[in-house]
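These are the residues of each chain, in order.
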Amino acid sequence: MKITGFRRENGAFGIRNHLLIIPASVCAADTAARIAALTPGAVSLPNQHGCCQIGEDYAVAVRTLTGFGKNANVGAVLVVGLGCEGVQANTLADGIRETGKPVEVITIQERGDTLKSIARGADIATKFSFDLAEQRRSEGDIAEIVLGLECGGSDPTSGIASNPAVGYASAKLVTLGGTSILSETTEVIGAEHLLATRFADDVQREKFLEIVKNTENRAAMMGQDLRDGQPTPGNKESGLSTIEEKSLGCMHKAGDSPFSGALYYAEPVPGRGLYFMDTPGQDIDSITGMVAGGAQVVLFSTGRGTPTGCPIAPVIKITGNSDTYDRMIVNMDLNAGRIITGEATLSECGEELFAMLVDVSNGSRPKAEVLGHKEFGMYRLTGAF
Amino acid sequence: MKNTLRLNSKDNVVTCLRAVTKGSAVEADGEAVVAVADIPQFHKMALVPIMKGAHCYKYGEIIGRATADILPGDHVHVHNIESTRGRGDKQGMRS
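Chains as they are written, first to last, in our numbering: chain A, 1 to 385; chain B, 1 to 95.
Any given hint could be a false lead.
Below 30 Å or equal to it, Euclidean Cα-Cα: the simulated DSSO-like pairs (lysine-lysine) are [stated by the list, open to error]:
1) A:LYS236 - B:LYS2
2) A:LYS236 - B:LYS52
3) A:LYS367 - A:LYS2
4) A:LYS127 - A:LYS116
5) B:LYS22 - A:LYS236
6) A:LYS374 - B:LYS10
7) B:LYS52 - A:LYS213
8) A:LYS236 - A:LYS367
9) B:LYS2 - B:LYS22
10) A:LYS127 - A:LYS236
11) B:LYS22 - B:LYS10
12) B:LYS22 - B:LYS52
13) B:LYS52 - B:LYS10
14) A:LYS127 - A:LYS374
15) A:LYS236 - A:LYS213
16) A:LYS213 - B:LYS10
17) A:LYS374 - A:LYS2
18) A:LYS116 - A:LYS374
If you're looking for bench data, these hints aren't it; they were derived computationally from the structure.
Bound-form chain A, shown alone:
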């Protein structure tokens, strides 16, 4: 199935043409934001980390920021560093340059001060934006799409209607040669035995089960009761009683496709088909991980309604709760609640959602993108040191 998009230097295919300003650390984030404000069409990342991190947290920060720069939806990148931070701007730039796309670096401490950095940054970014403005969409295939699957603000309609509709669209994409990522490890607890049988590769299945076990053990290690955080107060108020019940509903987002593999947070997607990525249940951190791994678009299933978007990837909102759809029409794109009321079948809703996915890939914008929602958050195991 043909779609249009932007063919990158390394052959990757994006459905947007973003100019991205990446602060290497929180210390450079404000400066990066001011550069973006001076450059029409540019977007910066509200990076809250990137320094005094060690071990896996340091690795995740590098992987996530590099992944955003490498994402095929991004046409050009300016990395802004303070100069002394743990995550060095040049480390990020070198990784992103592997794609062949234009990448520049400015360092505040080398430039002298923030005003000089903002001026130089806006100069570089504006020239990038002129180049990007000349680029036109060319032909690609739906099989080049990597789709992030997300659920948030879940209620019992999520597992009954909106997640199955997402699963229908995801399975259709995978059948056509594309890729989907299921995530939110916490929301697999209670359903992992069902998902594990869909991994043909033993090594990948073990990696998946290890990921789930590690998340459950993280709560145990703290001597904490997972129930304090999951399900959320809103999940419970709406009728979801336990994490098992939530997870058994969440897993429907992945349709019935077999799993090609399991990925760590922000790990680049290595091939085609359905993957599982280790992310927390927190929606923003989760979407950030999948987009860092290469997802160009996200299908987001919600029961209670949530506005979440992403700086560089369109996020399509579907709800299984017709009251939510009517009340929150400003933020919702598709009503799967019609499956519960009998106004539509699962396959009708699934086909509508898939058609919306194709339209959005070709350039139409879902509500979160029109409204300018750019939520971004990096997962970390522990605080800064």
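Dock chain B against the given chain A, drawing on the hints supplied.
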């Protein structure tokens, strides 16, 4: 629209698609069940007795364990079922 939804034949609860008032007879998977509590929309109602310690099933899978004896027609939620997972308060590390 039906009033309740049973997702799997193994389930001992149904999802109420409309809010249910205590005392009303609700059609659940072909049977009439009298609600013994008010049940909000999309919350669960027990189809059969679920004794304390027994498993609660939805989607054909375990979703929790009863913490009190549950009657048919009862509201099933955090006040009478508990999770069996992520219980750092109770369990050690999983191996």
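These are the hints, each one checked on the structure:
Restraint check: the Cα-Cα separation between LYS236 of chain A and LYS2 of chain B comes to about 23 Å, which is no more than 30 Å; the hinted pair holds. Only pairs whose Cα atoms come within 30 Å are accepted, and LYS236 of chain A paired with LYS52 of chain B is accepted, the gap being roughly 21 Å. Distance restraint check for LYS367 of chain A and LYS2 of chain A: the Cα-Cα separation of roughly 24 Å lies within the 30 Å cut-off, and the hinted pair is therefore satisfied. With a CA separation close to 17 Å, the supplied pair LYS127 of chain A and LYS116 of chain A stays within the 30 Å bound.
Taking the CA atoms of LYS22 of chain B and LYS236 of chain A, the gap is about 20 Å. The hint holds against a cut of 30 Å. Restraint check for LYS374 of chain A and LYS10 of chain B: not satisfied, since their Cα atoms lie roughly 43 Å apart, outside the 30 Å limit. The suggested pairing of LYS52 of chain B with LYS213 of chain A holds, with an alpha-carbon distance near 28 Å, which does not exceed 30 Å. The hinted pair formed by LYS236 of chain A and LYS367 of chain A meets the criterion: a straight-line CA distance of about 27 Å does not exceed 30 Å.
With a C-alpha separation of about 18 Å, the suggested pair LYS2 of chain B and LYS22 of chain B falls inside the 30 Å cut-off, and the hint holds. Under the criterion of a C-alpha separation no larger than 30 Å, the hint pairing LYS127 of chain A with LYS236 of chain A is inconsistent with the structure, at around 50 Å. Distance check on the hinted pair: LYS22 of chain B and LYS10 of chain B sit about 25 Å apart at the alpha-carbon level, within 30 Å; holds. At most 30 Å may separate the alpha-carbon atoms for a hinted pair to count; LYS22 of chain B and LYS52 of chain B meet this at roughly 22 Å.
Between the alpha carbons of LYS52 of chain B and LYS10 of chain B the distance comes to roughly 18 Å, so the proposed pair stays at or under 30 Å and holds. For the proposed pair LYS127 of chain A and LYS374 of chain A, the alpha carbon gap of about 23 Å is at most 30 Å, so the pair holds. Using a Cα cut-off of 30 Å, the hinted pair LYS236 of chain A and LYS213 of chain A holds, with the two alpha carbons roughly 24 Å apart. Between LYS213 of chain A and LYS10 of chain B the alpha-carbon distance is near 27 Å, which keeps this suggested pair within the 30 Å criterion.
Simply put, LYS374 of chain A and LYS2 of chain A have alpha-carbon atoms about 28 Å apart, close enough for the 30 Å limit, and the pair holds. Distance hint between LYS116 of chain A and LYS374 of chain A is fulfilled; the C-alpha atoms sit about 27 Å from each other, no more than 30 Å.
Violation of the numbered hints given earlier is confined to hints 6 and 10; the remaining hints are satisfied by the structure.
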